[in-house]
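Put chain B on the given structure of chain A with help from the hints.
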Amino acid sequence: MDKIYHPTLKEIVDGKFEYKGYITGTIDYPEIKEPYKPENVENSNINLTDDNTKLINLYFNLDSTKLTPVPKLIKKFSRKKILLKNLQSLIRNYKINPIKKGYNLFLDFLNLNKIYRKEYINIELINELRDSIEILNLGDDWDGEGSQGYQKKTWKNMANFLQEMSLKYFIDTKDYLDSPFIYPGSKGDIDLHWKSKEFELFLSIPQSDDDPITYYGDDYKKNVIEGSFEKDNFEEILSWLKKFL
Amino acid sequence: MVEEIPLTNWEIEEIPDLDPLGREYALYRCIYETFIKEKAPDIISPSAFQDEKYLGVSTDWSKYSTPKETQLREKRHPPEKYGVVSLKIREIRENEVLKELSIEHSPIQKTASRKGNCAHTDIKGILKYGRSHKKNKAQVYLARIAEWKINCKLNLN
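Here the protein sequences line up with chains A and B, keeping their order. Residue 160 in the working numbering sits at position 160 of the first sequence, and the numbers go up by one each step. Residue 3 in the working numbering sits at position 3 of the second sequence, and the numbers go up by one each step.
Simulated from the structure, these hints should not be mistaken for lab results. A few of these clues could be false.
As the list claims (entries may be wrong) - As a list, the in silico EDC-like pairs of lysine to aspartate or glutamate whose alpha-carbon atoms are at most 16 Å apart:
#, chain 1, residue 1, chain 2, residue 2
1, B, K75, A, E128
2, B, K37, A, E128
3, A, K243, A, D218
4, B, K39, A, E128
Unchecked claim - If the Cβ cut is set under 8 Å, some of the chain A residues that face chain B in the computed set are:
#, residue
5, D143
6, G144
7, G146
8, S147
9, F181
10, H193
11, W194
12, E198
13, E200
14, F202
15, P206
16, T214
17, Y215
18, E226
19, G227
20, E230
Where is the CB? At the ideal position from N, CA and C, for every residue including glycine.
Next comes chain A alone, as it looks inside the complex (with noise of 0.2 Å):
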């Protein structure tokens, strides 16, 4: 097997590798403002964090533009008038991730729904979206036990489900609906856990657009919600939701 070489950050702003990844790390400069897609980078996610920081996601494509986006980039920055000798002085506790296999579905779900101009998806959410598409990956009997692989449209489905409950939430709060766990689930469902100390809510978006969304939920003593619901009808949820979160 090749060995995949993950360069460094000050490698890829020389431009002497061509990568296909994104970056994550957290921000210190507060001047940049919200929305913020820098030029030739894909697509890019901001949240403010309790701290004053800014947590951030790059996720870039030196394959298709063979251009080096990096640089271009922090010339964006810099018209900011952001001293910056290198991106290592812009993000802290970096990490450069490989994109792989079906990613482009995910940075699709994003640049179709110009997810860089939401404020209200909580970058926790964007992260597990992200490596919820390993469940993609997924083939038929991956288990040993039978389970079937996972549809594309069924990934969509449930992406969107989020985006339009984060929407509500954050009209509703003025807050970020915090993500759930996502996970591949029966018959090719895909699954939505949420768990915390005061509450659990367990639900699984269908594979087939015929069946509901059905779920489990209770705060471990008589608060219980369960049911099915057509998956533009989540208010019973969301209004549960706002009880705990």
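Relative to the frame of chain A, chain B by itself:
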């Protein structure tokens, strides 16, 4: 496909709640790494209790297996990619939500090409609810009963 000749004759046994010394019997189930989140490795996912072919949720009975043996039996992926949880049989049977499930010893006989598994046991009934919230509920309750025995992200080995 020709059925292979079994080299063992492990009988199906009734599974009591306790062993002869009064200790709790348990079922061990492998949990693939997809279900173990880096940022919350202690959480046991309800999604890990699936019954895709209506044959039951596959587990091993503690009378004939240890958590480590259950992990090493996995062949689909490298064993280290799995954690193992334990579910006390009595707790499944006494749980109001799970009382409709049945625990059935279903040993897999050894053949020339298969190692076999005397411990193999199915938790049956989770999918008799079909695609409904009752299935979600049963999965949540199974996950609540389960305890980690092997989880490298929690340094449990």
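Structure-based check of each hint:
1. Among the hinted pairs, B:K75 with A:E128 is inconsistent with the structure: their alpha-carbon atoms are about 28 Å apart, more than 16 Å.
2. Note on B:K37 and A:E128: the hinted pairing holds, with a Cα-Cα distance of about 10 Å set against a maximum of 16 Å.
3. At most 16 Å may separate the alpha-carbon atoms for a hinted pair to count; A:K243 and A:D218 meet this at roughly 11 Å.
4. Note on B:K39 and A:E128: the hinted pairing holds, with a Cα-Cα distance of about 11 Å set against a maximum of 16 Å.
5. Hint status for A:D143: holds, given a least beta-carbon distance of 6 Å to chain B, under 8 Å.
6. Because the closest C-beta pair between A:G144 and chain B is about 4 Å apart, less than 8 Å, the hint holds.
7. Look at A:G146: its Cβ gets to within about 4 Å of chain B, closer than 8 Å, so that hint holds up.
8. For A:S147, the suggested interface contact is upheld, since its CB lies about 5 Å from the closest CB of chain B, less than 8 Å.
9. Residue-level restraint check for A:F181 holds (minimum Cβ-Cβ distance to chain B is 6 Å; threshold 8 Å).
10. For A:H193, the suggested interface contact is upheld, since its CB lies about 6 Å from the closest CB of chain B, less than 8 Å.
11. Interface restraint check: A:W194 against chain B, minimum CB-CB distance 10 Å, threshold 8 Å, status violated.
12. Among the interface hints, the one on A:E198 is violated; its C-beta lies about 14 Å from the nearest C-beta in chain B, farther than the 8 Å criterion.
13. Given hint, A:E200 at the interface with chain B, holds; its Cβ is 6 Å from that chain's nearest Cβ, closer than 8 Å.
14. Because the beta carbon of A:F202 sits about 5 Å from the nearest beta carbon in chain B, less than 8 Å, this interface hint is met.
15. Because the smallest distance between the Cβ of A:P206 and any Cβ of chain B comes to about 7 Å, under 8 Å, the interface hint for this residue holds.
16. Taken as an interface hint, A:T214 checks out: its beta carbon lies about 5 Å from the nearest beta carbon of chain B, inside 8 Å.
17. Nearest Cβ of chain B to the Cβ of A:Y215: about 6 Å, under the 8 Å cut. The hint holds.
18. The beta carbon of A:E226 comes within 4 Å of a beta carbon in chain B, closer than 8 Å, and the hint placing it at the interface holds.
19. A distance limit of 8 Å between C-beta atoms decides the matter here; for A:G227 the minimum to chain B is near 5 Å, and the interface restraint holds.
20. The beta carbon of A:E230 is not positioned within 8 Å of any beta carbon in chain B (closest approach about 14 Å), and the interface hint is therefore violated.
Violated hints for the displayed structure, listed by number in ascending order: 1, 11, 12 and 20.
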